[in-house]
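Trainee: Sequence:
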Amino acid sequence: MTSRANVNGEHNLRPPPNHHHHPHSQHHSHYQSPSYSPSSASFKGCCCCLFLLFSFLALLVLAVVLIIVLAVKPKKPQFDLQQVGVQYMGITANPSSTVAGSPPTPTSASLSLNIKMLFTAVNPNKVGIKYGESRFTVMYRGIPLGKGVVPGFYQPAHSVRQVETTVAVDRANLLQADAADLIKDASLNDRVELRILGEVGAKIRVLDFTSPGVQVSVDCAIVISPRKQSLTYKQCGFDGLSV
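full-length UniProt numbering puts the sequence shown at residues 1 to 243.
You may find that some hints are simply not true.
Below, computed lysine to aspartate or glutamate pairings styled on DMTMM-like, alpha-carbon distance capped at 20 Å [unchecked claim]: (1) K147 - D80; (2) K76 - D170; (3) K116 - D181; (4) K130 - E164; (5) K234 - D219; (6) K116 - E199; (7) K75 - E199; (8) K203 - D80; (9) K234 - E193; (10) K203 - E133; (11) K130 - E199; (12) K234 - E164; (13) K147 - D219; (14) K147 - E199; (15) K76 - E133; (16) K116 - D170; (17) K147 - E193.
The following label-pair restraints were derived from C-beta to C-beta distances [stated by the list, open to error]: (18) Y233 - T107: 25 to 33 Å; (19) T166 - F56: 48 to 56 Å; (20) K147 - S55: 40 to 48 Å; (21) A58 - R191: 53 to 61 Å; (22) L57 - Q215: 29 to 37 Å; (23) Q162 - L57: 37 to 45 Å; (24) G201 - D181: 28 to 36 Å; (25) E133 - F56: 33 to 41 Å; (26) F51 - G201: 33 to 41 Å; (27) Q82 - L53: 49 to 57 Å.
No lab work stands behind these hints: they were computed from the structure. Every residue gets a Cβ at the ideal spot worked out from N, C-alpha and C, and that includes glycine.
Take the sequences, apply the hints, and build the full model.
Mentor: Right, here's the structure in full:
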């Protein structure tokens, strides 16, 4: 009886194995390995749906624009220099010290010029064209003399519009070689050849959509008579083609 009581007593007094550690270990493993959160899953699903929606809308807009562009069949606009009016042209030579018996040679010359340019913009398309600000450079023998600016404007479909700009050159200095050529061209030949270069930026507008920019190049050669203060020759190139 005693031994059985002792055995029972030992059995009753012995703590159950892992009685105090098992719940703690479960609690500890619960914080180390968090379960999958339903809120994060819904957030990721919402972002995925929004991404797919925006992608679908972007593709739809692109498809509509392509269909409209193919239906319209856009053409490049024409931008041509129509007239050049010479308001003033003056040349001042600065001669150098010369050796006795030899004619003076100019070391530099100042060119003052004021011309008005009239451009004609032709829109052959079924839709309107939006022009950006255009700049034109007047050059003499590769030397930039001045710039003319044409503000941006909108041109309706199948229309012709005239725009003008003025180039004012105030005492542009030329070095010896170019000054000698300028004096010779003006005094002996009565002709000063200038070149006008420009890039015209245009965008075709269909409904509320604007196409990518289209560059229209203008390259004109003009000849001015200083005595008559007038234009004697003009030839322009439109995107490399003679017009």
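Trainee: It remains to establish, for every hint, whether it holds in the given structure.
Mentor: Status of the hints after comparison with the structure:
{"no.": "1", "hint": "K147 - D80", "verdict": "holds, 17 Å"}
{"no.": "2", "hint": "K76 - D170", "verdict": "violated, 35 Å"}
{"no.": "3", "hint": "K116 - D181", "verdict": "violated, 24 Å"}
{"no.": "4", "hint": "K130 - E164", "verdict": "holds, 17 Å"}
{"no.": "5", "hint": "K234 - D219", "verdict": "holds, 11 Å"}
{"no.": "6", "hint": "K116 - E199", "verdict": "holds, 18 Å"}
{"no.": "7", "hint": "K75 - E199", "verdict": "holds, 17 Å"}
{"no.": "8", "hint": "K203 - D80", "verdict": "holds, 17 Å"}
{"no.": "9", "hint": "K234 - E193", "verdict": "holds, 10 Å"}
{"no.": "10", "hint": "K203 - E133", "verdict": "holds, 12 Å"}
{"no.": "11", "hint": "K130 - E199", "verdict": "holds, 14 Å"}
{"no.": "12", "hint": "K234 - E164", "verdict": "holds, 16 Å"}
{"no.": "13", "hint": "K147 - D219", "verdict": "holds, 14 Å"}
{"no.": "14", "hint": "K147 - E199", "verdict": "holds, 12 Å"}
{"no.": "15", "hint": "K76 - E133", "verdict": "holds, 17 Å"}
{"no.": "16", "hint": "K116 - D170", "verdict": "holds, 15 Å"}
{"no.": "17", "hint": "K147 - E193", "verdict": "holds, 16 Å"}
{"no.": "18", "hint": "Y233 - T107: 25 to 33 Å", "verdict": "holds, 30 Å"}
{"no.": "19", "hint": "T166 - F56: 48 to 56 Å", "verdict": "holds, 52 Å"}
{"no.": "20", "hint": "K147 - S55: 40 to 48 Å", "verdict": "holds, 45 Å"}
{"no.": "21", "hint": "A58 - R191: 53 to 61 Å", "verdict": "holds, 58 Å"}
{"no.": "22", "hint": "L57 - Q215: 29 to 37 Å", "verdict": "holds, 30 Å"}
{"no.": "23", "hint": "Q162 - L57: 37 to 45 Å", "verdict": "holds, 42 Å"}
{"no.": "24", "hint": "G201 - D181: 28 to 36 Å", "verdict": "holds, 34 Å"}
{"no.": "25", "hint": "E133 - F56: 33 to 41 Å", "verdict": "holds, 37 Å"}
{"no.": "26", "hint": "F51 - G201: 33 to 41 Å", "verdict": "holds, 34 Å"}
{"no.": "27", "hint": "Q82 - L53: 49 to 57 Å", "verdict": "holds, 51 Å"}
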